[in-house]
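If you're matching them up, the sequences are chains S and C in order.
Residue numbers are given in this note's numbering: position 39 of the first sequence equals residue 39, and the series is strictly consecutive.
Just add 1000 to wherever you are in the second sequence, counting from 1, and you've got this note's numbering.
Be aware that one or more of the hints could be misleading.
Capping the alpha-carbon separation at 25 Å, the derived lysine to any residue pairs in SDA-like fashion look like this [said to hold, decoys possible]:
1) K198(S) / A151(S)
2) K183(S) / G1121(C)
3) K83(S) / R1362(C)
4) K24(S) / R96(S)
5) K1219(C) / E148(S)
6) K183(S) / W1047(C)
7) K183(S) / S1160(C)
8) K1219(C) / G1302(C)
9) K1027(C) / A151(S)
10) K1219(C) / E133(S)
11) K1027(C) / G218(S)
12) K183(S) / H1291(C)
13) K1027(C) / P164(S)
14) K198(S) / R1362(C)
15) K183(S) / L1380(C)
A few chain C residues facing chain S, derived, Cβ under 8 Å [unchecked claim]:
16) G1121
17) F1140
18) I1146
19) H1291
20) L1336
21) P1337
22) A1346
23) A1351
Restraint-style ranges between C-beta atoms, simulated for each label pair [said to hold, decoys possible]:
24) L245(S) / Y1251(C): 22 to 28 Å
25) G1302(C) / L245(S): 24 to 30 Å
26) R29(S) / Q1357(C): 15 to 21 Å
27) A1259(C) / A151(S): 39 to 45 Å
28) R201(S) / L1233(C): 40 to 46 Å
29) P1383(C) / V127(S): 44 to 50 Å
Keep in mind that the hints were calculated from the coordinates and are not lab data.
On a predicted model such as this, the values are computed, not experimentally measured, just so you know.
Just so you know, even glycine gets a beta-carbon here, dropped at the ideal spot from N, CA and C.
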Amino acid sequence: MSETIRTADAGDAARLIALGLRPKQRPSRDLIYADLVRRYRQDPVFADLVEAVAAGLGLAVLAVTTQSGAVLAAMSESAFEVKIDEYARRVSLRDRNVEKVLHGLIHLAVAALCFPRPDDLADDTYVGRVSVEQVDQVVREACRMLDEATATTEENADPLHGAPMLEQVWRVYARRPSAAATKDGRLASDTTRGMITKALRFLGDQGFLQAAGDEGGGTFRTTPRYQVQVRELAAEQAFDELLALGVVAAGSPTGSLQRRGPQAADV
Amino acid sequence: MGEIDESDASQPLSGWGGDEGLGRRLKALACTAPLHDLDGRKSRLEWADAAAYQMAEVGLQAIDQVTIAMDFDHGASHDQVVRRLLPFIAAQAPDRVQGEYERVARWVLECLINVGSLDRGFRAVYGVFGADGAYRRRTFDFKLLIELLSPEGEVYLRTSDEAINVLVGALDTDVESAQIAAEVKLENLIKRGRLSDAQVAAEQARYRTVQYAEVLRRKMEATRRDVRAVDWLNEVPDLIAEALDHIATRYKAENAILATITQTRDEAEEPDHKRRAARLVEVVRDCIRRHTQLQARLQTAGQTFRAEQDRQQFAGPPQRAAVDLFGQLLVPLLRLPVAAAGPPTAVFFRAVTGTVQPTAPRLTSLVDMLLSPPRERDPLGEPVPEPELAPPADPDRFSGDLWDHADALLELTGAPRRLSGLLAEARSIDPGLPHLVALRSLHAVSPEIGVALRQGDPALLVAVDDGTPLVDIGFGGADLLVDVIALSAAVPPESVLRSDEEFDTEGARPA
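Sequences and hints are given; from them, build the entire structure.
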């Protein structure tokens, strides 16, 4: 616990970050990792060093715990960032923007289903379960409610012709088929269920979710790492973006997934 | 502008503003377009001369078949619909091959799903005057057949509301009143013996039943997800009560109808009349079956609600402030236009997906990688060898050694020997040998001499029973006389074949 930083310390800090970049590595399975985690938690100088190295790499240290190790997030324009353009690779450039929004939305819906109530997100011991079918059905149900809400207004709410970017997101989602038969019998990738399956598998590969069976088109369990990621960073940042757009939604302590309509989310 | 006369184009057309009927009619018109398109595009099909087919008819039939197959959990699978369409298509062009019918059926089905488009649906553009009198073009997206995934992972089809409206027409009315009207009509038609019309009415009644079931199915699904999404205080209890009433009256009506038309069917003389009546009986039976199904669901509806209420209300008090992902992020995002939703979704995506390890190429390994020849890869892989399957040979009961010993023992060169003596000798050689010797001796009792002669065998083992009983520890029966006889090629086969006794005197060696 020295105040001066030695070269070896910088190496250790970088090693902790390198281990954090491999989300499937756990401190419980790796003595060196466990030792580095302990050092981070006990030695503030070392912790500062780790954070400085991470910041230099374009990473943010969200948490360092004995359970999940170093939880890192890529900052904007970082070399470690998952590019949505690469994730949502599609042939047609024209639909690229719509596809990106849908993929982002689906990731948000997955998180919302994993942690249905604000409590679940806050409770460190909570383990969420989510299936492909659930995500699709809940988003579709939300779309249906929004459709019903628009149907009750007198105005003609059909989207304007020639302005696809002004169309509301729920219409795009509701229009997209949930499944489609393909010639080779696989699930078509551009359907909503195909996209949700992709999202869940991707999160599984990233060590955020764990496969827990085949029911409902594939069921997954959340890991503490995913919870930290959603709580400490993703939800906050998306919330700030929405605030910047002037969209303010009042929250309720019990959460709104059980609420009848989207009225409370009115602007 | 604005100073010529009253028909000035820039004047707000306030009288047109609220004309919702026009918009509705334009949308209804649009729903029929895909069916017209089928006939418009059939001439462009390369694989068949499709002029003989009435594609719009096939299309309507397809929608019909899917609607009929719809029940609580499933619709029809692609193959099912194609199979059911084949007779109708075949009737349109009887001289074509079966493969073509199937292709036509698949083509129509794919067109109705609109397989080529990303959303697998249709879009129509229509113009209406807004409340402010301005003319705006709006888009109307609709689907005719929807593909869904069953819990077993199979893709199946359901008809959309739009398609049911196109199909039955004017279903925009109150379900219940339309139902009663159809019933009265049906009874009248049957009384007057107008069976073809009665069938139409009965089929329409069935579509309404399907629609009832569909409404309930959606409510139940919503309840399973969220009890508060559905109004269980008034709406659903009313719906259930209404549906139960409806079932009770329909049961009575349909059983009465069934009795009448069964009688009509049995008494009908004319085959066409009989066939129609039989078809009608089928339709009405199907209606009754559907009512039973609906009733079963209705009875469990309340139970489902209570169970879900218990399950979903189980929530503890909040512990610390966190974002409500669904209400504060997802729903507001769904309401945003696509353009505005871009940044928040991108931010969430970047933050939630974690990190990737960027690849850092090294020149040496890169050169190696680039210079290595591409691996030949056959998309089908190695040909699978066709295995030649033969049943395994029966394991030998007696080993080769035993056979050799037995051969040596039965190589009788002197006088014929008694079986008892042979067995005793065999037992002294090997404990397994007596069994083989006994079997071979037994086999020699009535040997196939003709076969042996034809094969040109020089000698043959022969056993004769002269009435002496066998005394042995392992075997019982007759103590056979065993000997080897030489077969003379000079003896014509016919004479040998004549009888077995002959060889005793002629072929056997003198004992």
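Hints, one by one, checked against the model:
1. Restraint check: the Cα-Cα separation between K198(S) and A151(S) comes to about 33 Å, which exceeds 25 Å; the hinted pair is violated.
2. Only pairs whose Cα atoms come within 25 Å are accepted, and K183(S) paired with G1121(C) is accepted, the gap being roughly 18 Å.
3. Under the criterion of a C-alpha separation no larger than 25 Å, the hint pairing K83(S) with R1362(C) is consistent with the structure, at around 23 Å.
4. For the hint linking K24(S) to R96(S), the alpha-carbon distance of about 31 Å lies beyond 25 Å, and the restraint is violated.
5. Annotation: proposed proximity of K1219(C) to E148(S) holds, straight-line Cα distance about 14 Å (limit 25 Å).
6. Our distance criterion of 25 Å between C-alpha atoms is met by K183(S) and W1047(C), whose separation comes to about 19 Å.
7. About 23 Å separates the Cα atoms of K183(S) and S1160(C), which keeps this hinted pair within 25 Å; it holds.
8. About 12 Å separates the Cα atoms of K1219(C) and G1302(C), which keeps this hinted pair within 25 Å; it holds.
9. In summary, the hint linking K1027(C) to A151(S) is supported, as the alpha carbons are separated by about 15 Å, within the 25 Å threshold.
10. Among the hinted pairs, K1219(C) with E133(S) is consistent with the structure: their alpha-carbon atoms are about 17 Å apart, no more than 25 Å.
11. For the proposed pair K1027(C) and G218(S), the alpha carbon gap of about 38 Å is over 25 Å, so the pair is violated.
12. Taken as a hint, the K183(S) and H1291(C) pair is broken in the structure, with Cα atoms around 36 Å apart against an allowance of 25 Å.
13. The suggested pairing of K1027(C) with P164(S) holds, with an alpha-carbon distance near 19 Å, which does not exceed 25 Å.
14. Between the alpha carbons of K198(S) and R1362(C) the distance comes to roughly 31 Å, so the proposed pair goes past 25 Å and is violated.
15. For the suggested pair K183(S) and L1380(C), the alpha carbons sit about 16 Å apart, so the restraint of at most 25 Å is met.
16. A cut of 8 Å between beta carbons decides the hint on G1121(C): the least distance to chain S is about 6 Å, and the hint holds.
17. A distance limit of 8 Å between C-beta atoms decides the matter here; for F1140(C) the minimum to chain S is near 6 Å, and the interface restraint holds.
18. The beta carbon of I1146(C) comes within 7 Å of a beta carbon in chain S, closer than 8 Å, and the hint placing it at the interface holds.
19. Because the closest C-beta pair between H1291(C) and chain S is about 27 Å apart, greater than 8 Å, the hint is violated.
20. The criterion of a C-beta within 8 Å of any C-beta in chain S is met by L1336(C), whose closest approach is roughly 6 Å, and the hint holds.
21. Because the closest C-beta pair between P1337(C) and chain S is about 5 Å apart, less than 8 Å, the hint holds.
22. Below 8 Å, beta-carbon pairs count as interface contacts, and A1346(C) has one with chain S at about 6 Å; its hint therefore holds.
23. Taking 8 Å as the C-beta cut-off, the interface hint given for A1351(C) holds, the closest approach to chain S being about 4 Å.
24. For L245(S) and Y1251(C), the Cβ-Cβ distance of about 56 Å falls outside the hinted range of 22 to 28 Å, so the restraint is violated.
25. For G1302(C) and L245(S), the Cβ-Cβ distance of about 43 Å falls outside the hinted range of 24 to 30 Å, so the restraint is violated.
26. Checking the proposed 15 to 21 Å range against R29(S) and Q1357(C) shows it holds: the Cβ atoms sit about 19 Å from each other.
27. Hint check: A1259(C) to A151(S), Cβ distance near 43 Å, so the stated range 39 to 45 Å holds.
28. In this structure the supplied range 40 to 46 Å holds for R201(S) paired with L1233(C), their Cβ-Cβ distance being about 41 Å.
29. The given range of 44 to 50 Å is respected by P1383(C) and V127(S), whose C-beta atoms sit roughly 48 Å from each other.
Checked against the numbered hints listed earlier, the structure breaks hints 1, 4, 11, 12, 14, 19, 24 and 25; every other hint is satisfied.
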